[in-house]
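**Student:** Just so you know, the protein sequences line up as chains A and B, in that order.
Everything in the first sequence is counted per the numbering used here, starting at 1 for the first residue and increasing by one.
Everything in the second sequence is counted per the numbering used here, starting at 1 for the first residue and increasing by one.
Hints were generated in silico from the structure; no laboratory data involved.
Model, not experiment: these values are computed from the prediction.
We put the beta carbon where it would ideally sit given N, CA and C, even for glycine.
Treat the hints with care, since some could be wrong.
If you want a taste of the chain A side facing chain B, the calculated C-beta under 7 Å gives, among others [claimed, not checked]: (1) Pro12; (2) Glu16; (3) Asp19; (4) Leu23; (5) Val24; (6) Ile25; (7) Ser44; (8) Val55.
Listed next, the stretches of chain A that the computed footprint assigns to chain B, with coverage defined by at least 3 CB atoms under 8 Å from CB atoms of chain B [as the list claims (entries may be wrong)]: (9) 28-34; (10) 57-68.
One-letter residues, chain by chain:
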Amino acid sequence: MTNQEVLDRLTPIFREVFDDDSLVIGNGTTAADVEGWDSFNHISLIIAIESRLNVRFQVAEIEDLRNVGELARLIANKLG
Amino acid sequence: MAHPELNWLPEAKDRGRQLRAARQLPAAEAWSGLVAIARTRLDFLATEQLDRALSDICAGPDKPDVPHSRLALLSASTEKHLIPGLRVAALRRGIRLHVYSPKFGQYRQELLDKHSGLYAFRPDTVLFAFDWRHLIGSEPTDDGAVAGAIEQMRGFWRIAREQFAAHVIQQTVLNTATPLMGQNEHRLANSPFALVATLNARLRQAADAAGTDLLALDDFAAFDGVSSWHDSRLWHHAKQEITPLAAPVWGDLAARLIAARMGRSAKCIVLDLDNTLWGGVVGDDGVDGIVLGQGNARGEAFTEFQSWLRALSRRGIILAVCSKNDEANALAPFERHPEMVLKRSDIACFLANWDDKPANIRRVAGALNIGMDSLVFVDDNPFERNLVRRELADVAVPEMPDDPSLYVSCIARAGYFEALRLTEDDLRRSAQYQANIERLALQESATDLEGFLSSLDMQLIWSTFDELNRVRLVQLINKTNQFNLTTRRYTDEQVRSLIGNPDVLTLHCRLHDRFGDNGIVGVVIAKPAGNNDEWIIDTWLMSCRVLGRRVEQAMFNLLVELAREKGARTLIGEYRPSARNAMVKDHYAKLGFTPRPGDRWTLSLCEFDSPDVPMITRRFDRDQPGSS
Chain A
1 MTNQEVLDRL TPIFREVFDD DSLVIGNGTT AADVEGWDSF NHISLIIAIE SRLNVRFQVA
61 EIEDLRNVGE LARLIANKLG
Chain B
1 MAHPELNWLP EAKDRGRQLR AARQLPAAEA WSGLVAIART RLDFLATEQL DRALSDICAG
61 PDKPDVPHSR LALLSASTEK HLIPGLRVAA LRRGIRLHVY SPKFGQYRQE LLDKHSGLYA
121 FRPDTVLFAF DWRHLIGSEP TDDGAVAGAI EQMRGFWRIA REQFAAHVIQ QTVLNTATPL
181 MGQNEHRLAN SPFALVATLN ARLRQAADAA GTDLLALDDF AAFDGVSSWH DSRLWHHAKQ
241 EITPLAAPVW GDLAARLIAA RMGRSAKCIV LDLDNTLWGG VVGDDGVDGI VLGQGNARGE
301 AFTEFQSWLR ALSRRGIILA VCSKNDEANA LAPFERHPEM VLKRSDIACF LANWDDKPAN
361 IRRVAGALNI GMDSLVFVDD NPFERNLVRR ELADVAVPEM PDDPSLYVSC IARAGYFEAL
421 RLTEDDLRRS AQYQANIERL ALQESATDLE GFLSSLDMQL IWSTFDELNR VRLVQLINKT
481 NQFNLTTRRY TDEQVRSLIG NPDVLTLHCR LHDRFGDNGI VGVVIAKPAG NNDEWIIDTW
541 LMSCRVLGRR VEQAMFNLLV ELAREKGART LIGEYRPSAR NAMVKDHYAK LGFTPRPGDR
601 WTLSLCEFDS PDVPMITRRF DRDQPGSS
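Bound conformation, chain B alone (with noise of 0.2 Å):
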């Protein structure tokens, strides 16, 4: 049986070499190294030696400065093998992962013993990762066997919740069990099929109220076959309930969840047009040549992706189009075909030009104002990928199969887009970055920046921390990388614990302008600094997306306003610096503040005078038209 393999991922050139040049460079040239292999397609061989190199290359004196994770792999069976995936797959991702996995049998002791090896580890992510006969055992009489699966794993994501503030992920179960009726097994009460089959089910309502994320194995394993995933002669062989030869893949399920829940999933997908959106080329055959849409099956593969393309941008992944071609031809096919699924108006950037794709999408990137590492680059032309590949290598290109039927399954097995949870921002978001762009031509077209500020009829909303927004605001929280004055993280749990709370000062803001609601773009909390008139922001965060339009000094008249009311005459702002957030280095100078040793700055709220903002500031007034 096939294996789940890498295929989003090119082919590696001559990895040997490669892996024995990283190891001779410094450590922050070795990680670059190793995280361009583990950009390849490698299969669990090349994953382990990847894994041997990178624990070598972070056992020496100078570690590369990048972001850490810690995970505990919580299982009943044997995972060892597992475990050099999910340390690459994070490496993909830019990500130290470090993994610590109890002996074999130990979990449950470990949860509940405070000195226990997992609480020394102290993780950020539990994963827990089950068999379907440790869950339900292997001969359930009933559906009560379910049941009590569901309190258990209720009980031990508390646990991880509580005792490590953890981010919780759950595996669905692999169905491993086979039918004793048939295809009506359902019938059957104590069918173990039957019941692991319900026992998912159950598991995603009950990880929803929990707010435990899930890697649905059970899902890759309906795609695949459970046969490719699970080796039964392994199970009697060594418990081990995945093969290794999907172990590289299931690292990289693993590790979308972790890089999701830090923001660093992918928003935007740059397209090219011809032979992707549609057959042929429309500068050569004309609007009316290319192969698009009903009546040819491959016109219909064609139609198929961009259906599917509009769908994730209606969830809020960003369409833009980068192609070499005239732009007149390159628009025709949206204005004029009649089986464009996609409109101009589904594009949020529209390149069409001759400069190379690397410019291109460098302008893609300034125009929507987010990271290289945010775009997804498809083009079905591997000249245009390499390129891209070299020049741009925080890109993401997957390697397209040739057959365009392939298009759809290909990207969305990449998992580029995973996402934990949507909001109204989320849905919204790609009407957002169009507005955006014509702000930018009105930009372009206004002679003066106060000028063009003062006609955007800009209004900054604002409220304290509260329950309605309380998902975006932890969503906000966890994956602000650029403007974050200090990158603190704040779990879900500790930002409910701050709404309504009298002894801190918590405050977020929703822009509105002429071409629409940006949605939330900032974050204050602020805290007493154990003298009572002297006040800290603890964290500051702004969408980078209002950047240059004086919100970040409206949002500051309004803490002061806000910290004066709480009897404050000192502030104190700090800056943290990470590897991201080198643009907010100044900020409180910017704002009038004072250095002090420590990354610290101060200001005097006695002498500050707020100064003039183009925009109205109001607080948040559920009944009024576009407060929402």
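Chain A on its own, in the form it takes in the complex (with noise of 0.2 Å):
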């Protein structure tokens, strides 16, 4: 899978997650530039990407993404 066809299918979620239907998203997105990007709401966007896409993160994983980007390329492994 593509980098872009990872991203577009996290964009849904983080549209659902974050509650903003207009929310773009980047390799280049982090924490602070999402409102609401806490570390509460981390936990659910990970279970939330966990349950829509069918991949399961590592307890180390959860807490070591710095971007948008690194998520998708982890997400692009775990699909192959």
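Dock chain to chain to rebuild the complex, using the hints, since each chain is given by itself in its own frame.
**Tutor:** Pasting the structure below:
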């Protein structure tokens, strides 16, 4: 799966978690760029991605993400 | 691992549009719109989204006029992610729930400090939800740890009851510990896994003794698997004991207990017949052709469903039938099929005709004299389910699985009939409603009302509040909504303090007639109103199933007699309007009271002459038959 395909699948999940229908994300997007992306909503985001995309993150992976690009790369690797 | 879901609720259609539409409406209509969304299958994200809309609407200047409840959630792990699920599950039941939880790790200080946020919040429900490490320590040495935990919880329960007069709920403990020996783990005295099982067993005993209700998380984890409720990554990462994925169902478990305490559990299950109680269509296939009973897996599944329904009716849930059929065809299996578990006599109200189901369900509610929100409608046909949902929004309609072997678990899981305790009246209820239907039939045949009433041979048997009936009195005071003049709620402790108290006048009445015992049908509490010879009727409530039988007049005659004995010369009646008690707004006018400002009424006892009533009134006497 290409990086763009992953971003396309992540966008509706981000929009739902952060309750913002016009939210746009790219590889450089970080928690500081998205209103409401705190440690609490980070868990919601991770759990939502897991259940929507049918992937599973390891405990360390939940903590180490710095931006959307890293998240997308991780998901692309898991989905093959 | 699959997580618990609200699988008995239907999928939402276009939730986003409904939410946006609701936000544009005035508060009362917006609230109804949100309740409708809450009654669909929401996952945790949809639950959080709905909760945000709810907060926004309730923050507006005009507030929806709905029942409120205030819950304090006391926990030693992270619970913030669970709170939207609590509020939305209350919304599903038409209740606006306010939730308070102390800062992480602060619950104990707040319980002990009368100036804390917890005291300022004034909860009416306190829910204790702890992980096992917090209760018995991560390295317990023996079951002394369990005894210590129970002792500590008892102390917390006492504080919650004494300081807040709150309904206390204790969550049983999720056993996330791991066995160290294996299957015979109980032989290892310091095994956390074995001790958690002991802890849950002892919590049940202690809770029963203390009047604390349980949120039985361990039971649900036993059905679903602990790992569908608990995600060890999230425990390590954020001390979340329950995964956010399970939050909607967890909230529903808690809200059931709150709703049950408010008398909002369902009372009656209305059943379709063809492909619901048996396989096939009796009108087409004949009694011999329907699929039911031994020798066929599908037939056995229907038998098991019937057995469960019969067991439900034995503990006080009323069964009714609503089927599109010729009545003779619908009755035939009940009369002639050897494998029918349910008998005609188990069904309090049997409607088989070709009218639409909403019309028939209204008749069921009318015949049984219960509210639409007391009904659960079970039908295999999605068309009928959706029609009933659309026409009768307050009737609960579970989304039935296609496979009859899943019927029982689907309905049981929805928790419609959550009960906190059972009384003798609960166990007799089905027979009472059955007798009620017979009374109605007699009423239709009798030509005049007075003649009908006197043919019932009614006896009103009264007593002041007593220990024997305390549990039932508390239940009635807290769940009666319609025939309730003031809707004042009393806790168990408060009712206990009224028993034998010479400064108040308490009264409860039981009604017998030729069809049987109707149980306790009326409760009155009256108190002196400052001035010695004026007494105010603080509480008067009655069971709606005896309306139209002049029982309220008979009770009033009795009340006047008892008030005179206390030296009263004037009685003050009070009507406090609620969303559900409009039926009694003229109650005191009908009894001859004079209106006063502020929904108050007065009656001078010197001028009062008791009207005749079609029943005998006598005091409860333990030794006389029919008095228990």
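**Student:** Evaluate each hint against the coordinates.
**Tutor:** Verification of the hints:
no., hint, result
1, Pro12, "11 Å, violated"
2, Glu16, "5 Å, holds"
3, Asp19, "6 Å, holds"
4, Leu23, "14 Å, violated"
5, Val24, "18 Å, violated"
6, Ile25, "17 Å, violated"
7, Ser44, "6 Å, holds"
8, Val55, "13 Å, violated"
9, 28-34, "violated (count 0)"
10, 57-68, "holds (count 5)"
The structure fails hints 1, 4, 5, 6, 8, 9 (numbered hints given earlier, in ascending order).
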